[in-house]
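Based on the provided sequences and hints, a complete structural model is requested.
For the record, the sequence lines run as chains B and C. Just so you know, we're using this note's numbering here: the first sequence kicks off at 2 and counts up by one. Just so you know, we're using this note's numbering here: the second sequence kicks off at 73 and counts up by one.
Calculated directly from the structure, the hints in this document are not laboratory data. All of these numbers come straight from a predicted model, not from anything done at the bench. Treat the hints with caution; some may be incorrect.
Calculated lysine to aspartate or glutamate pairs in the DMTMM-like style (CA-CA distance at most 20 Å, straight line) [stated by the list, open to error]: (1) B/Lys-55 to B/Asp-93; (2) C/Lys-116 to B/Asp-83; (3) B/Lys-4 to C/Glu-131.
Here are the simulated distance ranges between beta carbons [as the list claims (entries may be wrong)]: (4) B/Thr-54 to C/Gly-135: 23 to 31 Å; (5) B/Lys-4 to C/Gly-123: 24 to 32 Å; (6) B/Glu-15 to C/Ile-87: 43 to 51 Å; (7) B/Arg-108 to C/Ala-74: 25 to 33 Å.
Just so it is clear, CB atoms sit at the ideal spot from N, CA and C, and this is done for glycine as well.
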Amino acid sequence: LAKTTQPISMDSYEGQEVNITCSHNNIATNDYITWYQQFPSQGPRFIIQGYKTKVTNEVASLFIPADRKSSTLSLPRVSLSDTAVYYCLVGDMDNYGQNFVFGPGTRLSVLP
Amino acid sequence: NAGVTQTPKFRILKIGQSMTLQCTQDMNHNYMYWYRQDPGMGLKLIYYSVGAGITDKGEVPNGYNVSRSTTEDFPLRLELAAPSQTSVYFCASSYSGSSYEQYFGPGTRLTVT
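In structure tokens form, the structure reads like this:
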């Protein structure tokens, strides 16, 4: 079960690009990297998922180096509404149970 | 699609009481999950199900029970409520295993006093 480590909190200002890095030194060959976003009083929401290199969608980009021991979630030009907790998770797509662990996440505060 | 719905939104229980948290999804997902989230913490998996009639324990199953008689519904039963069960409970579903995108419900905030 790959354990992840990410900063507890980050501050940013509106309009800036925010990069949140997650370490997963014990990532296994079949593991994918997934990021979720959680607003206060809501359930987590899937943001992006990747296996290697770079993945981009309309919300964020995910950068994964060749050794896959870390990953970086990039949020372009954040706004106040991006204030949330961001979780990095690592898991095998074929593991159907409890391989996904939501740690404390990174609490991002976007300031005006 | 309504996605994942949970009832009730809020509930206060006295110690020793029992209740059932309801969860329904309309996406025809096989996999469903129950998590609890304590203040300032991440989510902990209580129980999960890979299909109707099949359930299994997660990280923190003690004090809870589940059943899965249909694809759509996955109720969570609390027996003999304790203050340690004060938490926010989230139900989620996914097309396949937990590494696939999970869709979460709005949560149930439970207080046991």
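(request) Just pull the numbers of the violated hints for me, sorted ascending. (result) 2 and 4
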